[in-house]
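Asks: The residues making up each chain are set out below.
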Amino acid sequence: MTEFLMLSLVPLLVAGLCSLSCALLGNFLVLRRQALIGDAISHVALPGIVASFLLTGTLAPPAMLVGAGAAALITLALIELIRRLGRVEASAAMGVAFTALFALGVLMLEWSGASGVHLDVEHALYGNLESLVWFEGTRLTALWDPQALAGLPPQLSRVAWVALLVSLFMMLAWRPLVLGSFDAAFAASQGARPGLTQLLLVVMVAVAAIAAFEAVGSILVIAMFICPPAAARLMTDRLSHQLAWSQAFALASAVLGVVLAGHGPGWLGIDAGLSAAGMVSVVAGLILLLACRFGPRRHRAAPPPG
Amino acid sequence: MMDAWLDALTLSAGYNTRLVTLGALLLGAAAGMVGSHVLLRKRALISDAVSHATLPGLAAAFILIALVQGDGRWLPGLLLGAAASAALGLAAVQAMSRHTRLGEDSAIGAVLSVFFGLGVVLLTVIQAMPVAGQAGLSGYLVGATAGMLASEAYLLGAMALGLLVALVILRRTLLLLCFDPEHAWTQGVDLRRADAWLLGLLLAVTVVGLRVTGLILIVALTIIPPVTARFWTDRPHALLMIAAVAGALAGYLGVTLSSVHPRLPSGALVVLAAFALFLASLLIAPRRGLLAHLIDRYRFVRRVHCRQGLLALARGEAIFDPTTLRILHRLGHIRRDGLATAQGRAAARDARHEERLWTHYRHAYPEEAAQLGARRLEPISRLLPPDLIDELERRLPPEAPHE
Chain F
1 MTEFLMLSLV PLLVAGLCSL SCALLGNFLV LRRQALIGDA ISHVALPGIV
51 ASFLLTGTLA PPAMLVGAGA AALITLALIE LIRRLGRVEA SAAMGVAFTA
101 LFALGVLMLE WSGASGVHLD VEHALYGNLE SLVWFEGTRL TALWDPQALA
151 GLPPQLSRVA WVALLVSLFM MLAWRPLVLG SFDAAFAASQ GARPGLTQLL
201 LVVMVAVAAI AAFEAVGSIL VIAMFICPPA AARLMTDRLS HQLAWSQAFA
251 LASAVLGVVL AGHGPGWLGI DAGLSAAGMV SVVAGLILLL ACRFGPRRHR
301 AAPPPG
Chain B
1001 MMDAWLDALT LSAGYNTRLV TLGALLLGAA AGMVGSHVLL RKRALISDAV
1051 SHATLPGLAA AFILIALVQG DGRWLPGLLL GAAASAALGL AAVQAMSRHT
1101 RLGEDSAIGA VLSVFFGLGV VLLTVIQAMP VAGQAGLSGY LVGATAGMLA
1151 SEAYLLGAMA LGLLVALVIL RRTLLLLCFD PEHAWTQGVD LRRADAWLLG
1201 LLLAVTVVGL RVTGLILIVA LTIIPPVTAR FWTDRPHALL MIAAVAGALA
1251 GYLGVTLSSV HPRLPSGALV VLAAFALFLA SLLIAPRRGL LAHLIDRYRF
1301 VRRVHCRQGL LALARGEAIF DPTTLRILHR LGHIRRDGLA TAQGRAAARD
1351 ARHEERLWTH YRHAYPEEAA QLGARRLEPI SRLLPPDLID ELERRLPPEA
1401 PHE
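Protein sequences appear in the order of chains F and B.
The numbering used here numbers the first residue of the first sequence as 1 and each following residue consecutively.
The numbering used here numbers the first residue of the second sequence as 1001 and each following residue consecutively.
Pulled out of the complex, with its shape left as it was, chain F reads as follows (with noise of 0.2 Å):
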């Protein structure tokens, strides 16, 4: 038990907590077909945190959401300025931006030496969930011991007040957000503000991709940008059910990839523990591969009789 509260609890919260956020987000990524948004912020998080480690010399929080921020700022703006004046469609403008960004960021870690001794692109990459180690948790008193709860890691607290920042988000836009998904031109006429619904859409996608990036690294908060929402879509064609279905299954994600890795191996029998936030990207591609397989609204939806 005190293992468990030691080693699993919090990896497990901090997994699942960004997999939520992230999954809820993703559903509108996935129906205004923009899922790839999510793939190029948590790319451009890396030169930003680079960046702003190398101008403050901290690895402090605020530093680096800061910098990650004003990167996926640069990079959206230069995706709409490329797409504008080259006149090629936005996927061809992003893969441009994002990666000249991550390039600049991999240089800039290699040449200041600071790849290795603080920061290198395996982290930024699969995170680093086995870290996140509750000392204090020796006993089961400890869930309630404020001094114990002290000791928590950081990361912990941030992935759930992001969390609870995007459901107040949705919360609060969800009618433009939905209209706007569906019918840009009709939300416009109703007084919705698609443009502003869509950037502020995005920004949220930043915050929540730069929050867990640390924790969880980039390549799960992609997984979990796209996996869920998009096997949520084919088990239904209601919304708040698709949402709902995304949820459950970022959730089982992340519960079976954080327990498959821990210890998977071990009932193997092999003494070795396996990458985290892979296993949980892999369980949820997992996931989506049933729903493809057995979804009952996988395919294209017929044209309406009549």
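By construction, these hints were calculated from the structure, which means they are not laboratory data.
Zero decoy hints are in this set.
Result set (SDA-like, lysine to any residue): computed pairs, CA atoms no more than 25 Å apart in a straight line:
id, chain 1, residue 1, chain 2, residue 2
1, B, K1042, F, L199
2, B, K1042, F, A184
3, B, K1042, B, L1283
4, B, K1042, F, R84
5, B, K1042, F, E89
6, B, K1042, F, L31
Covered stretches of chain B, going by a simulated chain F footprint (3 or more residues, C-beta under 8 Å):
id, stretch
7, 1095-1103
8, 1119-1126
9, 1214-1224
Computed from a prediction, not measured in an experiment: that's the story for all the values here.
From the three backbone atoms N, C-alpha and C, an ideal C-beta is built for every residue, glycine too.
Knowing the structure of chain F, use the given hints to seat chain B on it.
Replies: Chain B only, in chain F's frame:
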């Protein structure tokens, strides 16, 4: 440092560097050409899925090879594994976007994250294995040409050359596929097979590029050069050539720069070289570039001010807008105190006459006039044929008498 770079640039910095440079050059050209086709097919980011999907195959191949011979670093085997899992990922994207209601963007994102996640899990398996050569694998993530063996460089160079030849041979079919699939079909082109060829070539470029730029950045080499080329031309063959040259230049500059210092990662530098070429094009390309846009806009604003000012002069109205006054003054149409010069009065009369011709033209040929849009500000004789202008002049209603 400058000297070291110059040595590398002139291919005189040692045998290995020279080999790798030539290989990267060929790879860049091949990636630019394949990327152009994929861009024209509006599937640019599919290469992102392909490149991320190589990781599990790479790691699985490493494990297998390590179990057999104790050291997993055997390039042909690793590339084979990478190609196999990339093909699987590609098939998954195709199947998902074809048979389910999900869009291709979701399919790409799902495949890249899940395959990469699986790869990461396998990497942690490798970390727990007591085998040599583990450090070599991280070179495939962000690319490292520094430690490349001569035999590896030969293999990659030969593969890149082969790809380039295949692309040149297939270019007609592929272009037809990108621009007019229906026409291609009537010409007896098997669309599915052509599409498979294109994706196969993309996959091959990705796998060959793994060692040079790393799997996260190889996607850049198939997207940035074609987008760069798009700024310079509207013609497909020219697009292919320019993209190939831009890709080759990026490979050449990036690899030579990275050979200067061991802390300079080759993959990132290749991509940044490609991006620098792109930025230059974005700024200075004729017609499409930022500078050209700004100049166009400036000219347009000037023309509008000039025309409005002259019309005001012709009507004998006062002009208040300082920009209009400045432009008219610079053109010599008005004096410093705002009074029209003789030249200005003549120009005002011309402008007035021209405006009347345009008004008449708009009444007589409303659709043609609408198509001209804002170009109406140019001299009428440049836009309309002389006989039409003659006709308009003849049918011009008599001018209302001045008061």
